[in-house]
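These are the residues of each chain, in order.
There are 6 protein chains.
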Amino acid sequence: MTEKPVSRYPIPRLEDLPEDIRTRIVAVQEKAGFIPNVFLALAHRPDEFRAFFAYHDALMLRESRVSKAEREMIVVATSSANDCHYCVIAHGAILRIYAKNPFIADQVAVNYRQADITPRQRAMLDFAVKVALHPQQLEEEDFARLRAHGFNDEDIWDIGGIASFFALSNRMAHLIAMRPNEQFYSMGRAC
Amino acid sequence: MTEKPVSRYPIPRLEDLPEDIRTRIVAVQEKAGFIPNVFLALAHRPDEFRAFFAYHDALMLRESRVSKAEREMIVVATSSANDCHYCVIAHGAILRIYAKNPFIADQVAVNYRQADITPRQRAMLDFAVKVALHPQQLEEEDFARLRAHGFNDEDIWDIGGIASFFALSNRMAHLIAMRPNEQFYSMGRAC
Amino acid sequence: MTEKPVSRYPIPRLEDLPEDIRTRIVAVQEKAGFIPNVFLALAHRPDEFRAFFAYHDALMLRESRVSKAEREMIVVATSSANDCHYCVIAHGAILRIYAKNPFIADQVAVNYRQADITPRQRAMLDFAVKVALHPQQLEEEDFARLRAHGFNDEDIWDIGGIASFFALSNRMAHLIAMRPNEQFYSMGRAC
Amino acid sequence: MTEKPVSRYPIPRLEDLPEDIRTRIVAVQEKAGFIPNVFLALAHRPDEFRAFFAYHDALMLRESRVSKAEREMIVVATSSANDCHYCVIAHGAILRIYAKNPFIADQVAVNYRQADITPRQRAMLDFAVKVALHPQQLEEEDFARLRAHGFNDEDIWDIGGIASFFALSNRMAHLIAMRPNEQFYSMGRAC
Amino acid sequence: MTEKPVSRYPIPRLEDLPEDIRTRIVAVQEKAGFIPNVFLALAHRPDEFRAFFAYHDALMLRESRVSKAEREMIVVATSSANDCHYCVIAHGAILRIYAKNPFIADQVAVNYRQADITPRQRAMLDFAVKVALHPQQLEEEDFARLRAHGFNDEDIWDIGGIASFFALSNRMAHLIAMRPNEQFYSMGRAC
Amino acid sequence: MTEKPVSRYPIPRLEDLPEDIRTRIVAVQEKAGFIPNVFLALAHRPDEFRAFFAYHDALMLRESRVSKAEREMIVVATSSANDCHYCVIAHGAILRIYAKNPFIADQVAVNYRQADITPRQRAMLDFAVKVALHPQQLEEEDFARLRAHGFNDEDIWDIGGIASFFALSNRMAHLIAMRPNEQFYSMGRAC
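Protein chains in written order, with the working numbering: chain A, 1457 to 1647; chain B, 1457 to 1647; chain C, 1457 to 1647; chain D, 1457 to 1647; chain E, 1457 to 1647; chain F, 1457 to 1647.
Just so you know, the hints here were simulated from the structure itself, not pulled from any lab data.
Given the structure is predicted, the values throughout are model-derived calculations rather than measurements.
All clues stand as given, with none of them false.
No distinction is drawn between identical chains; accordingly, a pair holds when it is met within one copy or between any pair of copies.
Simulated pairs of lysine to any residue, SDA-like, Cα-Cα distance not exceeding 25 Å:
1. Lys1586 to Asp1611
2. Lys1460 to Asp1582
3. Lys1460 to Val1585
4. Lys1460 to Leu1496
5. Lys1556 to Gln1485
6. Lys1586 to Pro1575
7. Lys1460 to Thr1574
8. Lys1487 to Leu1517
9. Lys1556 to Ser1642
10. Lys1487 to Phe1559
11. Lys1460 to Asp1472
12. Lys1556 to Glu1638
13. Lys1524 to Thr1574
14. Lys1556 to Met1643
15. Lys1460 to Lys1586
16. Lys1586 to Arg1501
17. Lys1586 to Glu1596
18. Lys1460 to Arg1576
19. Lys1524 to Tyr1554
20. Lys1556 to Gln1639
21. Lys1586 to Glu1597
22. Lys1524 to Phe1599
23. Lys1460 to Pro1575
Start from the sequences, fold in the hints, and give me the full structure.
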């Protein structure tokens, strides 16, 4: 058993980071009780760090009719389609917490088609996984299918935007071989 | 949220089952504290049930230089390659217990290439996943690679045989839409 | 031209085999006039041999509304999808004999979509090949399509079960590089 | 069982064909004892017929260090990669006759990697199937591998040219749903 | 930056070519102002050259209800599906000229689903690209879809025939690493 | 011929945009002579707009040993792998200008393996396209191959980061069906 490092790239020391980045990381640490590795690993490049989390927040924290749990479902389903170690484990934890459901993250990660989700959520994940894997095949009928489930065009931008952002995020995680913190594995489980 | 049934097919009552099958199921229940759904779901067809578990035991319980934890790694890695809900969750639990490692199952399920495993185990899983996904491309060099890691021909039969058996098992689970018991999700986690 | 052996693994001598296995093999030999290589090759591991043929018989010999010729069509179509030398040749021979049709096996092996089969058989093979290649994508509508052709749920288990069992069988044949007996190539041909 | 027609398109009557085409067809009929369906099916368009067979002959009849049996192996392997009913059956027959081997065509069609062929022929078929399926990935090292087996650049043009021509031929056969004559199924078999 | 040769194979000198081939090439040169490389590269083998261009002309110059611009769309879409450098660049130029549209070739090459074409042309290209990439999956419903857009069976042969011919042409271009003339890049652009 | 709109979503009027976004757009317009559609289309969501261009600039404008022309090659090659209409056309124009080469963009878009680039650039694009299409298969040997061409770890982050960012960018372009400005088609061509 060989334990692998957090990232292929150097991890900066907190005290060497620009003020705004250190402040953000400390705030996360106070809230979560630990520093998720993505903050340390991406801080290697401050400008990309700032843009990455600004984009993340713009999609994941905005007011939306797609619930926060549903947005995390999108992250887990598309990150699993990309076999992304960090994102499946870390966002699986967040999904369990938001959904108050200890099973849902593993179900969505293994095969969202068999998960205990509503038909509306199933349609949402079909669309998101298509954006993740075959975006060039998006057609009007894909939009029509979501509208038939009550999603409007802004909801669809949210769904597609999250799938697009995690296409970037998953690839950065693979590039730097980013590892999830051990805490994520058990968070939100009923045990 | 719609909770789905254990199987697309009827689940027999314990008292209606042939004696040998009921005995086996009761023994499992006493050991595990619950009846894993695969026993109930496959008992719908007693002859196939008997053959299925005889095959399972022949591979998973035999004396082998491939450890029991490693055999479960093969199950999890190939079942994940097949997106098999039941097998990833249930055998993930068994893997955590055998390996005494609360992280390993999720790591192997999401992307075994990034898991905390030895180079020998990595070669083993590369071979097993090739058997699962592209068996027609097996060549002498695949065998040579395993031998270079110290596996002998009987070990290789074990590895390939388990990947082959779970090719069957995963497909049956998909056919009948078999669901894992809730207990499996948290077994062997350090929480 | 290099003639390849029957199996990558040792072939046991008949007299060294356990009684029950030798008896089964001798019975086959008396009926067929030769010993199909699968019996010799798998006898290398008696426990797996017994489970393998018990499973085979449970599916291939049971009373079913899926005819024996149709079951062999499933074997040929899915084994061809897996490029399995042994299974396509050996079960192609059996299919020709059961269907009393010298052309059907080659047609199903090359491209079952163009074979001289009924629409009901076409639907059956579409389902079986999906189980073989993309089992994670099985949906209720796949079942509905078979039901529209008059198949009931037990028929569907037969179809999916055979495709699942030969997912195992094809992989074992690839693992051990099993070769078909020369007799199979010409059996059941009108020449 | 529904018997399908020779072609999706009309089959011209011999007496309605242009003289040169009728002459060619009659000559084939005299030699083979029957008219292979490809001649009747493609005669629907005389200009394309003439170009098709001119191209065929330029590759398949020319002097070459790639033997006629080897050229037919290329046809069978690549046509099988394209699931082409007509070409696998018809050229399988020709391959059996040229190679004086009743098994070789089925072996190459099911999985040429497991066929009884020489390492040189294996390299030839690897190249041909790459031309058939992934021509955009041809690299200098593919040429080097063939040269290491003694093929020169003109041999390689023959191999790649045949794979390219049958890329056309297979697609035309699929387009018109061309069926092989029954005679081809049994020609050259030792039965 | 390494400039690559016109072909992996020798380019014959014009004066060494057979009379009919030289005549054709000179005629093209007079009309176009330069000799497209395909003529020089394929002249390495005169018999194949003659058959190739006879086939090309039979499909591309015949009277047809599929317009010449539409035929070039088929060439560009299918050649792009095959990543064929020569055919996308050279036929892109011809398409721009026939369609009198400086944008259409790049649109069709990058993603014909997003090009400014009619629904009828979209259906035509869907069919052509299916012939190029998955010809074994052609079904009656593919024909029905084209007929619903007003195409008759001869039109469909044209569409499928062109896609089939360029399956050959693209593969030959990859085999010999054929490069387009620099003139093609800018022909028909509004600049 | 139906001309399609710039985006599936509403295009804001310049005067309705937040000051910082309008300022950026006006600056681009003054430099380029027109407003590239990506600025108008993404301005529909100001927060995502700001993060998108901050990320873009962090990667595309930073000091790097990967030249600006090479960075645009990465954009064109990966966007072509994703069939992205907007990015291939718009960044193809920028690549032609930076590389002072009217042919390079079309070559890289159709098949970068056949483009007139150095072996170092070939290795760079192999890596970038792997990040775009199969990021889960990145291994140490992929990094070793780049290092053998003189790339250091920061260069590799640049290469992988750009491929990752355009994985997002391409998907957003597909989601909103973004169209390139007509100006891009001819910019930097020698005509």
